[in-house]
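Asks: Residue numbers (this note's numbering), protein chains in the order written: chain A, 1 to 353; chain B, 1001 to 1353; chain C, 2001 to 2353.
For the record, the hints were derived by calculation from the structure and aren't laboratory data. Using N, Cα and C, we set each Cβ at its ideal position, and we do this for glycine too. Keep in mind that the hints are not guaranteed to be accurate.
Here's a subset of chain C near chain B, in silico, CB distances under 8 Å, partners left out [said to hold, decoys possible]: (1) Lys2038; (2) Ile2040; (3) Gln2066; (4) Ile2068; (5) Ser2077; (6) Gly2081; (7) Glu2082; (8) Asp2086; (9) Lys2089; (10) Ile2090; (11) Glu2093.
A few chain B residues that face chain A, going by a derived Cβ cut-off under 10 Å, partial list only [claimed, not checked]: (12) Ala1042; (13) Val1067; (14) Gly1069; (15) Phe1070; (16) Asn1072; (17) Gly1081; (18) Glu1082; (19) Thr1087; (20) Ala1095.
Once the Cα atoms are required to be at most 25 Å apart in a straight line, the calculated DMTMM-like pairs of lysine to aspartate or glutamate come out as [stated by the list, open to error]: (21) B:Lys1080 <-> A:Asp71; (22) B:Lys1021 <-> C:Glu2093; (23) B:Lys1080 <-> A:Glu273; (24) A:Lys85 <-> C:Glu2273; (25) A:Lys85 <-> C:Asp2271.
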Amino acid sequence: MKHLVDLDDFSLEEVESILNKAIYIKSNMSKFSNAMSKKIIATLFYEPSTRTQMSFQTAMIKLGGQVIGFDNPTNSSIAKGEDLKDTIKIISEYADIIAIRHNLEGAARAAACFSSCPVINAGDGGHLHPTQTLTDLLTIKETKSSFSNLTFGFCGDLKHGRTVHSLVKMLLRYKNNKFIFISTDQLKIPDYIKKIIIASKNQFEESCSLENSIDKLDILYMTRIQKERFKFEKTAFSAQKNFFKLKKNTLKKAKSDMLILHPLPRVDEIDFEVDSDPRAAYFRQAANGVFARMALITHVLSAPNVENFPTVTINKCCCNDRCVTNFEKYLPKRFIKNKESYFCHYCSQKLNI
Amino acid sequence: MKHLVDLDDFSLEEVESILNKAIYIKSNMSKFSNAMSKKIIATLFYEPSTRTQMSFQTAMIKLGGQVIGFDNPTNSSIAKGEDLKDTIKIISEYADIIAIRHNLEGAARAAACFSSCPVINAGDGGHLHPTQTLTDLLTIKETKSSFSNLTFGFCGDLKHGRTVHSLVKMLLRYKNNKFIFISTDQLKIPDYIKKIIIASKNQFEESCSLENSIDKLDILYMTRIQKERFKFEKTAFSAQKNFFKLKKNTLKKAKSDMLILHPLPRVDEIDFEVDSDPRAAYFRQAANGVFARMALITHVLSAPNVENFPTVTINKCCCNDRCVTNFEKYLPKRFIKNKESYFCHYCSQKLNI
Amino acid sequence: MKHLVDLDDFSLEEVESILNKAIYIKSNMSKFSNAMSKKIIATLFYEPSTRTQMSFQTAMIKLGGQVIGFDNPTNSSIAKGEDLKDTIKIISEYADIIAIRHNLEGAARAAACFSSCPVINAGDGGHLHPTQTLTDLLTIKETKSSFSNLTFGFCGDLKHGRTVHSLVKMLLRYKNNKFIFISTDQLKIPDYIKKIIIASKNQFEESCSLENSIDKLDILYMTRIQKERFKFEKTAFSAQKNFFKLKKNTLKKAKSDMLILHPLPRVDEIDFEVDSDPRAAYFRQAANGVFARMALITHVLSAPNVENFPTVTINKCCCNDRCVTNFEKYLPKRFIKNKESYFCHYCSQKLNI
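My request is simple: use the sequences and hints to build the entire structure.
Replies: This is the structure we're talking about:
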């Protein structure tokens, strides 16, 4: 079975093949309008995310398939105490493919372990959101000829933004890219990302001014300051929120072919007047979400069986308290060995031994 | 792009053509079962209304199309702070047609401004509900040969009932109709409707007794006293609620071919024993909602591009505090000039200058 | 019109024919993939039950049909005060078949009275859940050659478990079965079930130990202790919950071809290690829910018109305070006469005269 839990599970060739297919689908939609005829996708959204759910639904419908699913955990068997394993075992008999969104980290990997059909990770807590990354890559690929020799600016909440972390990790698999992380002190990119960049011998710098950095960028990736992260600190939120705003004026210094991306929804970090700038690519990016998912669905449903991960079982609890293994107790404690360290198979957290 | 925000946007010929098509579809369903094949309707219900949403879904499915959408704003990107413009720009790339229901007045017009696909107004606050009016007209047209020379009685909550206001305005475009408004003092038809009727040289009268007025009517349009309008006044609600009830006995004085309409849901303003009376048309009317929407969907999706409204931009805020422009601040302040007055392009409110 | 409100409405031949069809469909899916083309099922879930709703949706989609519906009564016209009768009259014009789930007992029968299309009872309060029983029967039939000469063990909450009551009643229509009811004192099988068994000259016994009874069983039907039944008695719930758990060890004494069933969701009454035992049939049972419903849908939609029940109208209120007739006041007070007793036509409660 082929799943998409983490883009790291896919070879670069495989990712490129999905992106090329997405580009082909975009200009040959009618050829794919029956590709998934009689097939069903189950969109299991334990955490609501209307946009992502609608883009999966649209992708499946445009492939000629059908949709079942839920978006409200209080209405589901989970409310009666059912665990993830049972739900997945049953729904994977109903559907041909599952897209799962979950509040716990590692939940998509756990689901893949028990599913009799392919599982796509539609976001697992703060951990991964690989279909967003595919969408980002598709939008870059349409404009820039390759994913190498580019300078990427990431601006906004770089601490919590999992779309940023995923995209950076993916771009490190290409050559000679440079990263500029533009944020306030409170919302800086995490150290573990910096370490990966250093280990990969790529370059990065940190900046606290969008205005001072914008002229160097080939791609500017803006993100939303997520109100839900500042639940009890309204003043902190306001302070952060107003710090970085992309205005028409700021763009004067930018390259004429710089690409402006944003995973959306935006709140007000990009001014409306920027929307009509030819460099603004975020609405095209949102539309691309459907094509990327169409390509992905056809890919996983036609892919040959793949081998299991070479994991080891260690009788230790994952130290990430948002990891699915700390809630779904029946899950085997599997870890992946990398040099002398062990990483949780589900949520990727390093094991403290 | 052809939208249906307000029936006033359509010529009388266009309205008649939709109604004729609906009548044709009703007896030739199989001819239309693939008319919208591979097309998607997005039902964006910012305010829940199961019945209306299901009738749009049924209409699209019976045309061979598919459905995406939401009915719960707390689950959507809006909860993360996204404005209407961004939502519409993105969803109109996913779908071929949008049906929007919104709590704010003018929201459907605002959506149409930014959509890359046709928008149908499925109710915008207390403002308009044009697909209900189409349904009402269809049910009348099936029985009476024309929309002229008829006496219409409207009974119940005439103050808040937007279906009443819409239907009256539409009927004024035909000739020689008479209106009898039957209500309590508290729920009387608004003055602006009376003024339009006077200006159009049609006749109306007000009544406080259904029993005394029923013998004159060709059509009786009953409405529900909306509990939600009396949130903090339970006694007021009870008093109003019990005032007008249509019973079998009351019908004795009515014409033998009088048509009884009701936009439904009813609470208890029409007694159950009336249901079996041949004059009771409200269940047929509800079923007609599907045929009217089928005709409308095919109409807007096949209509040629139309010109924009001739609006003027004035730097003044709309004085309707439920108008979408007072919430979605980026909307251009557009007004329509009519003689010496200006009316909000979105919610139709007259501008005070 | 053919409805499925109660399996008692169907002859044994009819039930067998549905089960045989389900078995045939299961191995000939592609032959049925357009059987319900252009048809719509409305899933009206007044009480949420994601799994049951998804299995109806999947069944209809796999038959080539389409789905409308709701799962949240607060979003529906009901919230505006509409009664069941009006909702059903209207939705049965939109859809070709209705699956209704309701919190009130007898609601499915009431719906069938007013529907212009077939109605399937997807659970009405604590009363009936016939599609679950069909699913149970299908799973038994696939393994055991007949429904006769078997010993059935029912374990867990036998007081509230309507799936148990329904299955027992159904099995009494076959010959020479024996029943062992395994529960605590608080959750014993109701007396009226025991009386039916005695009247039918079948045998039963009661047991308070799964371990002591398991060796006699051909089929073991486990049930969940329903937390929602112990709302205000947390300690009582915990005490009951831990009483019966099926573990791998317990199975050692069981027959090698004993079938383990569970209507799911399970909480922890069956240990995970049992899942891999070849006797564990509950996941196959859950998957069978789709095939049973596919067979049922094709059956009711192709069945000839059937006669109405011979009911009598008596001017007495049903004494079951969860009966739909005590909420939907317009319902005619119909009863079925059986010897000298009268039973509510809707909820089956015996009338006290």
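Asks: The structure should be examined with respect to each hint, and the outcome stated for every one.
Replies: Okay, the hints, checked on the actual structure:
{"no.": "1", "hint": "Lys2038", "result": "holds, 5 Å"}
{"no.": "2", "hint": "Ile2040", "result": "holds, 6 Å"}
{"no.": "3", "hint": "Gln2066", "result": "holds, 5 Å"}
{"no.": "4", "hint": "Ile2068", "result": "holds, 5 Å"}
{"no.": "5", "hint": "Ser2077", "result": "holds, 4 Å"}
{"no.": "6", "hint": "Gly2081", "result": "holds, 4 Å"}
{"no.": "7", "hint": "Glu2082", "result": "holds, 4 Å"}
{"no.": "8", "hint": "Asp2086", "result": "holds, 6 Å"}
{"no.": "9", "hint": "Lys2089", "result": "holds, 5 Å"}
{"no.": "10", "hint": "Ile2090", "result": "holds, 4 Å"}
{"no.": "11", "hint": "Glu2093", "result": "holds, 4 Å"}
{"no.": "12", "hint": "Ala1042", "result": "holds, 7 Å"}
{"no.": "13", "hint": "Val1067", "result": "holds, 9 Å"}
{"no.": "14", "hint": "Gly1069", "result": "holds, 8 Å"}
{"no.": "15", "hint": "Phe1070", "result": "holds, 5 Å"}
{"no.": "16", "hint": "Asn1072", "result": "holds, 8 Å"}
{"no.": "17", "hint": "Gly1081", "result": "holds, 4 Å"}
{"no.": "18", "hint": "Glu1082", "result": "holds, 4 Å"}
{"no.": "19", "hint": "Thr1087", "result": "holds, 8 Å"}
{"no.": "20", "hint": "Ala1095", "result": "holds, 7 Å"}
{"no.": "21", "hint": "B:Lys1080 <-> A:Asp71", "result": "holds, 16 Å"}
{"no.": "22", "hint": "B:Lys1021 <-> C:Glu2093", "result": "holds, 19 Å"}
{"no.": "23", "hint": "B:Lys1080 <-> A:Glu273", "result": "holds, 21 Å"}
{"no.": "24", "hint": "A:Lys85 <-> C:Glu2273", "result": "holds, 13 Å"}
{"no.": "25", "hint": "A:Lys85 <-> C:Asp2271", "result": "holds, 13 Å"}
Going down the numbered hints, you'll see the structure goes against none, and every one checks out.
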